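Q: Chains as they are written, first to last, in our numbering: chain R, 42 to 367; chain L, 89 to 433.
None of these hints come from the bench; they were simulated from the model.
Please note: incorrect hints may appear among the correct ones.
[To be verified] Here are the simulated lysine to any residue pairs, SDA-like style, with alpha carbons at most 25 Å apart:
| id | chain 1 | residue 1 | chain 2 | residue 2 |
| --- | --- | --- | --- | --- |
| 1 | R | 94 | L | 280 |
| 2 | L | 136 | R | 190 |
| 3 | R | 182 | R | 171 |
| 4 | R | 182 | L | 315 |
| 5 | L | 136 | R | 189 |
| 6 | R | 272 | R | 292 |
| 7 | L | 136 | R | 185 |
| 8 | L | 163 | L | 150 |
| 9 | R | 229 | R | 209 |
| 10 | R | 182 | L | 354 |
| 11 | R | 182 | L | 428 |
| 12 | R | 229 | R | 163 |
| 13 | R | 182 | L | 346 |
| 14 | L | 136 | R | 186 |
| 15 | L | 136 | L | 346 |
| 16 | L | 163 | L | 414 |
| 17 | R | 182 | L | 322 |
| 18 | R | 182 | R | 258 |
| 19 | R | 94 | R | 134 |
| 20 | R | 182 | L | 280 |
| 21 | R | 272 | L | 417 |
| 22 | R | 182 | L | 334 |
| 23 | R | 182 | L | 163 |
[As the list claims (entries may be wrong)] So the derived label-pair ranges between C-beta atoms look like this:
| id | chain 1 | residue 1 | chain 2 | residue 2 | range |
| --- | --- | --- | --- | --- | --- |
| 24 | L | 250 | R | 99 | 51 to 61 Å |
| 25 | R | 232 | L | 249 | 49 to 59 Å |
| 26 | R | 136 | L | 292 | 44 to 54 Å |
These numbers were taken from a predicted model, which means no experiment stands behind them.
Positions of the beta carbon are idealized from the N, C-alpha and C atoms, including for glycine.
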Amino acid sequence: MLRFLARRSLGALVIILLISAITFFLFFALPSEPALMSCGKNCTPDALAVINKNLGLDQPVPVQYWHYMTGIFAGRDLTVGHCPAPCFGYSFSNQQPVWGTIVDRYPTTLSLALGGAFVFLIVGVGFGMIAAARRGTVVDKLFSSLSLIGNSLQIYFVGVIALGLFVSGGLRILDEPGYHPFTENPGKWFMGMLLPWLVLSIIFVANYTRMTRSQMIEQLGEEHVRTARAKGLSRRAVFFRYAWRGALAPIVTIFGIDLGSLFGGAMITEFTFNLHGLGRLAVSSVTETDLPTLMAVMLVGCTAIVVANIIVDAAYAFIDPRVRLA
Amino acid sequence: MTSPSQAAAAGAGGSSPLDPLNITPDGGGDSGKLVGRSPGQLMWRRFKRDRTGVISAFIVLFFLLVAVAAPLISKLYGKDPTTTYGLDRPGLLNEFGYPIRPNGGISGDFWFGIEPTLGRDVFTQLVYGIRTSLLIAAIATLLCVATGVLIGVTAGYIGGRTDYFLGRFIDLLLAFPSQLSFVAFTPVVYSLFVSPEKETPTYLRVMTLILVLWLLGWMGMARLLRGQVLSLREREFVEAAKVTGASPWRIITKELLPNLWTPILVQTTLMLPTMVTVEAGLSFLGVGIVEPTPDWGRMFKAGADYYESDLTYIFFPGIAMIIFVVAFNLLGDSVRDAFDPKTNR
Chain R
42 MLRFLARRSL
52 GALVIILLIS
62 AITFFLFFAL
72 PSEPALMSCG
82 KNCTPDALAV
92 INKNLGLDQP
102 VPVQYWHYMT
112 GIFAGRDLTV
122 GHCPAPCFGY
132 SFSNQQPVWG
142 TIVDRYPTTL
152 SLALGGAFVF
162 LIVGVGFGMI
172 AAARRGTVVD
182 KLFSSLSLIG
192 NSLQIYFVGV
202 IALGLFVSGG
212 LRILDEPGYH
222 PFTENPGKWF
232 MGMLLPWLVL
242 SIIFVANYTR
252 MTRSQMIEQL
262 GEEHVRTARA
272 KGLSRRAVFF
282 RYAWRGALAP
292 IVTIFGIDLG
302 SLFGGAMITE
312 FTFNLHGLGR
322 LAVSSVTETD
332 LPTLMAVMLV
342 GCTAIVVANI
352 IVDAAYAFID
362 PRVRLA
Chain L
89 MTSPSQAAAA
99 GAGGSSPLDP
109 LNITPDGGGD
119 SGKLVGRSPG
129 QLMWRRFKRD
139 RTGVISAFIV
149 LFFLLVAVAA
159 PLISKLYGKD
169 PTTTYGLDRP
179 GLLNEFGYPI
189 RPNGGISGDF
199 WFGIEPTLGR
209 DVFTQLVYGI
219 RTSLLIAAIA
229 TLLCVATGVL
239 IGVTAGYIGG
249 RTDYFLGRFI
259 DLLLAFPSQL
269 SFVAFTPVVY
279 SLFVSPEKET
289 PTYLRVMTLI
299 LVLWLLGWMG
309 MARLLRGQVL
319 SLREREFVEA
329 AKVTGASPWR
339 IITKELLPNL
349 WTPILVQTTL
359 MLPTMVTVEA
369 GLSFLGVGIV
379 EPTPDWGRMF
389 KAGADYYESD
399 LTYIFFPGIA
409 MIIFVVAFNL
419 LGDSVRDAFD
429 PKTNR
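Chain R on its own, in the form it takes in the complex (with noise of 0.2 Å):
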């Protein structure tokens, strides 16, 4: 075990170091001029000087680069100060250190993503099981259509149509969706985040529908479910003990990757609801040209996927034996 966690974190860590590099190269050595997009529209060939000055863009990429990822370890001197340990440098839109901005809105993106996860797994991994033990009926047809529908639905339709029905249309039965720390109001918490949480999970929860079902119905036809039957045991036992045990890996493997990527920031849900999490972030830093920024939630936002990637096959391990890990 220890060893397979030092192997993939080490392969973790080139691919990071990889996609960092790529993404560096992209932002810094490919536009003309980087700070032609710090400096705006009105700019002069002076203020431009300066903006290359200060944020050493004077410099050949590669030494960009290297200054930047030490930076971020060491922390780094910029002529605007110090930036302390982890430093991503400054914000080209509003000249604060990047790092702050995003521990700042975090806790939004965490929110989001734990608790659309959480109502999506039950949901969707539920509806899939209901649908496998009564197969070929009503049920399972339903809950089939269901997930065809669901699977086409977007974010950026039933989010606004959920807003202006329960927000400030004719139900006007939830608050303005928004991030409440929860340490402060786990209540005023819950109910900001409920609607932004529904609206998330239900492009999911198709998909776990469907891939739950398909998943329990080929277990259900393995010889050592028959074995279990033949022996004796009871339906629900076989169902929840033997079936639902073989179905669990594969989704644990889709949800780690979902996951993942959630906590990079679900840019549509969190534009739709004005949530200042990450993916919001990363969309006002595109339209500001804000490089550092968005850097930054690059970076972020590739270190959830990988790691996710990693916890996904260590459990993976542990719910089936088979799987050795080297």
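Assemble chain L onto chain R, guided by the hints.
A: Leaving out everything else, chain L in the frame of chain R:
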């Protein structure tokens, strides 16, 4: 996956009239005697019998037709997507810029109502919007499929070190947070061609979206085909072709590709609607198509801005997109069933 008989028949480059498995027992009543049919004909016959498939195929065709005939429709309907009717004619919008008539201003004149603030016609916006969305999605899909096939087949067929490096390259690209990368890389590509202080022309936005969707969209197809080729490569008919001295090019095009059409076609029909929704998502976030080009994603964005006062507006692109995506997904399922009748859903 095709059945062995189909695979063999297809591998032989077309029909094999002697293969008994390729003869449908129920001839559909057109002839009493047994007729040999090629896998393509068989697939077509099975597809025609699948009612869901045929209906969704018609819906998909309808959307394509609307996209192609958008100028004609607009001419017959008598309006265009850019004229601001609400501003030009009094009595359509109130002082806040919202339609005076209920339900977004739907009337005999404006079938789907008028857009708040600018007062453009929603129907023509939607019709022209299909064009932009479909054009981007279709080209991006074609590029992804071509790249995926090329890289997947190469990796699977050549194997060894090539396969290893292509595999690691695919892993690397898959580790990019895809949605975030779409959003983040679009402005970079814009700035490659246009200096940040100038306006980005529409054709460049379209090309950029296609490029970004393409660069991060082909890996799934390549992975799938690599796996297929790996298992096909060991089959007897490929070995036979090798023994008879066929060139790698011939083996790939005449022996392998005919067996890959099913996964390619199914993946393509599933990829296209995804591209449409991703493109719409980008425009919704404001990094894709912008005013004044008609586009579904931009309509969603507008709908999100107006929802408090005019919820009707967003329903038109919303419902249209659901129908489009459902039809395409059902079509994909039917195509798979027609190619491979063994699968049970």
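Q: Each hint needs a verdict: does it hold in this structure or not?
A: Going down the list of hints, with the structure as the test:
Restraint check: the Cα-Cα separation between residue 94(R) and residue 280(L) comes to about 22 Å, which is no more than 25 Å; the hinted pair holds. Proposed proximity of residue 136(L) and residue 190(R) is supported: the alpha carbons are some 24 Å apart, at most 25 Å. Between residue 182(R) and residue 171(R), the direct Cα distance comes to roughly 11 Å. Compliance with the 25 Å bound is thereby established for this hinted pair. For the given pair, residue 182(R) sits about 32 Å from residue 315(L) by alpha-carbon distance, which is inconsistent with the 25 Å threshold.
Pair hint residue 136(L) plus residue 189(R) holds up; C-alpha atoms about 22 Å apart against a cutoff of 25 Å. At roughly 28 Å between alpha-carbon atoms, residue 272(R) and residue 292(R) are farther apart than 25 Å, so this suggested pair is violated. As the CA atoms of residue 136(L) and residue 185(R) are separated by approximately 23 Å, the hinted pair is consistent with the 25 Å bound. Only pairs whose Cα atoms come within 25 Å are accepted, and residue 163(L) paired with residue 150(L) is accepted, the gap being roughly 18 Å.
Distance restraint check for residue 229(R) and residue 209(R): the Cα-Cα separation of roughly 18 Å lies within the 25 Å cut-off, and the hinted pair is therefore satisfied. A threshold of 25 Å between alpha carbons decides the hint, and for residue 182(R) with residue 354(L) the separation of about 23 Å falls inside it, so the pair holds. With a CA separation close to 22 Å, the supplied pair residue 182(R) and residue 428(L) stays within the 25 Å bound. Restraint check for residue 229(R) and residue 163(R): the C-alpha separation of about 23 Å stays at or below 25 Å, so the hint holds.
With a C-alpha separation of about 34 Å, the suggested pair residue 182(R) and residue 346(L) falls outside the 25 Å cut-off, and the hint is violated. Pair hint residue 136(L) plus residue 186(R) holds up; C-alpha atoms about 22 Å apart against a cutoff of 25 Å. The straight-line distance between the Cα atoms of residue 136(L) and residue 346(L) is roughly 21 Å, inside the 25 Å bound, and the hint therefore holds. At roughly 29 Å between alpha-carbon atoms, residue 163(L) and residue 414(L) are farther apart than 25 Å, so this suggested pair is violated.
For the hint linking residue 182(R) to residue 322(L), the alpha-carbon distance of about 39 Å lies beyond 25 Å, and the restraint is violated. Our distance criterion of 25 Å between C-alpha atoms is met by residue 182(R) and residue 258(R), whose separation comes to about 14 Å. Among the hinted pairs, residue 94(R) with residue 134(R) is consistent with the structure: their alpha-carbon atoms are about 17 Å apart, no more than 25 Å. Among the hinted pairs, residue 182(R) with residue 280(L) is inconsistent with the structure: their alpha-carbon atoms are about 51 Å apart, more than 25 Å.
Distance hint between residue 272(R) and residue 417(L) is unfulfilled; the C-alpha atoms sit about 42 Å from each other, more than 25 Å. For the suggested pair residue 182(R) and residue 334(L), the alpha carbons sit about 49 Å apart, so the restraint of at most 25 Å is broken. The hinted pair formed by residue 182(R) and residue 163(L) fails the criterion: a straight-line CA distance of about 43 Å is larger than 25 Å. The hinted window of 51 to 61 Å between residue 250(L) and residue 99(R) is violated, with their beta carbons roughly 41 Å apart.
For residue 232(R) paired with residue 249(L), a C-beta distance near 57 Å keeps the hint of 49 to 59 Å intact. Distance hint check: the CB atoms of residue 136(R) and residue 292(L) are about 30 Å apart, inconsistent with the given range 44 to 54 Å.
Consistency with the previously given hints fails for numbers 4, 6, 13, 16, 17, 20, 21, 22, 23, 24 and 26, ordered from lowest to highest.
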